[in-house]
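Protein chains in written order, with the working numbering: chain A, -13 to 96; chain B, 549 to 664.
It is worth saying that the hints were derived from the structure and are not from the lab.
Mixed in with the good hints there might be a few duds.
[What the hints assert, rightly or not] Computed list of lysine to aspartate or glutamate pairs in DMTMM-like fashion (alpha-carbon distance at most 20 Å, straight line):
1) B:Lys601 / B:Asp621
2) B:Lys618 / B:Glu607
3) A:Lys83 / B:Asp610
4) A:Lys83 / B:Glu627
5) A:Lys83 / B:Asp586
Quick caveat, the model's predicted, so the values are computed rather than measured.
This is what each chain is made of:
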Amino acid sequence: TQLLEQSPQFLSIQEGENLTVYCNSSSVFSSLQWYRQEPGEGPVLLVTVVTGGEVKKLKRLTFQFGDARKDSSLHITAAQPGDTGLYLCAAIQGAQKLVFGQGTRLTINP
Amino acid sequence: DAGITQSPRHKVTETGTPVTLRCHQTENHRYMYWYRQDPGHGLRLIHYSYGVKDTDKGEVSDGYSVSRSKTEDFLLTLESATSSQTSVYFCAISPPGGLFGANVLTFGAGSRLTVL
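Only chain A is shown next, with the shape it has when bound in the complex:
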């Protein structure tokens, strides 16, 4: 059983469209992170959200932490081919251990 469920697992859209991916859990977390991974490389941290209801923006990417701190979303506006990659959410489970969702593989077609 996955502690963090990401949806959709795969998403392929055209350049310029908007999209949202989700990270859900039945557990409450003190914080949640989003990573992006490109082929042949390790994941790279995009953002950490800590407060319930928090919204953070990173250029065209908007991250939101649910009010109950059980879920999060990543919204991309006007997607570009450079946004293509695997997006992973992660949350703290116990001391100093991160648990990851299974990821959303995003493809932006020119």
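Based on these hints, arrange chain B on the given structure of chain A.
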């Protein structure tokens, strides 16, 4: 991948042979981790270390052992590799605490292991 390197980057081996993957960091971070990544499962924690000779198990530790004799090196060993251990293995490092108590992981580029 600044400050963290994994070796080998690619390895093909046969079932039953021992395999050791190495993670080397130059950041002097206390915490080091080994994850495996498989389609549909995301990243799963194998073992982690919170200091020299201090290690603990993650969620998928069966069949794996680790050692950390120096701050900079964290070794992952498969004593007798099986086909189910075919995967991409990632090492990560983090300083203690981090922002708001959350870990900030820096990952290596990965080691792709194929067990035939």
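Okay, the hints, checked on the actual structure:
1. B:Lys601 / B:Asp621: holds (11 Å)
2. B:Lys618 / B:Glu607: Cα-Cα ~24 Å, so violated.
3. A:Lys83 / B:Asp610: Measuring from Cα to Cα gives roughly 18 Å; hence the hint holds.
4. A:Lys83 / B:Glu627: Violated, at roughly 24 Å.
5. A:Lys83 / B:Asp586: holds (19 Å)
The structure is inconsistent with the numbered hints 2 and 4, although it conforms to all the rest.
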